[in-house]
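> Sequences and hints are given; from them, build the entire structure.
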Amino acid sequence: NVFAQCTQLAVKAGAVNLGQGFPSWPTPQFVSDLAQEKIAQGFNQYSRPGGHPDFVNTVAKFYSPRFGIQIDGMTNVCATAGATGALFTIFSALCDAGDEVVCIDPAYDAYKKMAKLEGVHMKGVPLKFPPGGPPHSAQELVLDMAELDAAITPTTRMLILNTPHNPTGKVFSRVEYEAVAEIVRKHPQLIVIADDVYEMTVSSGLEHVRFASLPGMWGQTISVFSAGKTFSCTGWRIGYMIAPEDLTAHLLKAQSITAHSNAAPMEQAIAGAFDLAESNGYFDELPKLMEAKRNIVANALSRAGLRPMVSGGGYFFMCD
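In this text, residue positions in the sequence shown follow our numbering: the first is 1127, and each later residue adds one.
In case anyone wonders, no lab produced these hints; they're calculated from the structure.
Using N, Cα and C, we set each Cβ at its ideal position, and we do this for glycine too.
One or more hints might be untrue.
Unchecked claim - Cross-link-like lysine-lysine pairs, in silico, BS3-like; alpha carbons within 25 Å at most: (1) K1419 to K1238; (2) K1242 to K1414; (3) K1379 to K1187; (4) K1239 to K1254; (5) K1312 to K1249; (6) K1419 to K1239; (7) K1249 to K1238; (8) K1254 to K1238; (9) K1239 to K1249.
What the hints assert, rightly or not - Quick list of simulated restraints, FRET-style, between CB atoms: (10) Q1146 to M1271: 31 to 39 Å; (11) A1276 to S1299: 39 to 47 Å; (12) G1245 to I1383: 36 to 44 Å; (13) K1187 to E1163: 40 to 48 Å; (14) I1383 to P1260: 28 to 36 Å; (15) G1140 to A1430: 15 to 23 Å; (16) A1272 to P1191: 41 to 49 Å.
Set out below in structure tokens:
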């Protein structure tokens, strides 16, 4: 695992670890307090496969207005062992050996590793530099819609989208996602995985567009999220998916086999954290914190003679 290797090397050298996507600052105190509280209250036995009702109903309440649709916690939400666990559940539940999946390159390495494990063929459509070479901003990277259109065929099983994008930090615009949606509408058999784990880290002036909220896309989209990324508690391994009922039914069955259930007190703590974060300003402060840290690193890399391609969100950016 490349991330484990980076961490081991950083520890060995006493270096700043820029290789792995986890926060170096503490989990917010209000979130940690909730975990201790839920453990003390006795939420220490198996949770419901797919997520405790308190958790999935909180997720449904939070995202319904953001998706523009009434989400049902019990039939549209599936809790998982982190977002990577969600992706594995999707591949296990919905892909057969020999299926084809399209992703945007470069991509999170787990996509291709899971595809290989399941005997699935992965096809990448590259993000491209604009004329003139590597840009200053990841927002200038271009997804060639004609290339994407050609890559998706009537036999393509899934398309994986990711915004903010790992590893470039590009935040796909509404115009770009609407162009992707036009392509998806040609393929009613296609399932779209919208990997939105960095949704709460979008920089000022940019918009996080949820692909499932676009006209006609709800019925074909599985949206993947990470409470660990949102609340800076990646070790808790709480992820979740939101999807239409027919797809969620398959995901719930697979999840009950692959992991059965998540850590019960952590699900309860995250449910409480969503409620508190809406009122204490946390969701406003997190992107500001991330943007300030991004600027520090970008400036340091520039002083070192490198040319950063500044990200619009997420934990990563690239440089020349």
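> Which hint numbers does the structure go against, in order from smallest to largest?
1, 2, 6, 11, 12, 13, 14 and 16
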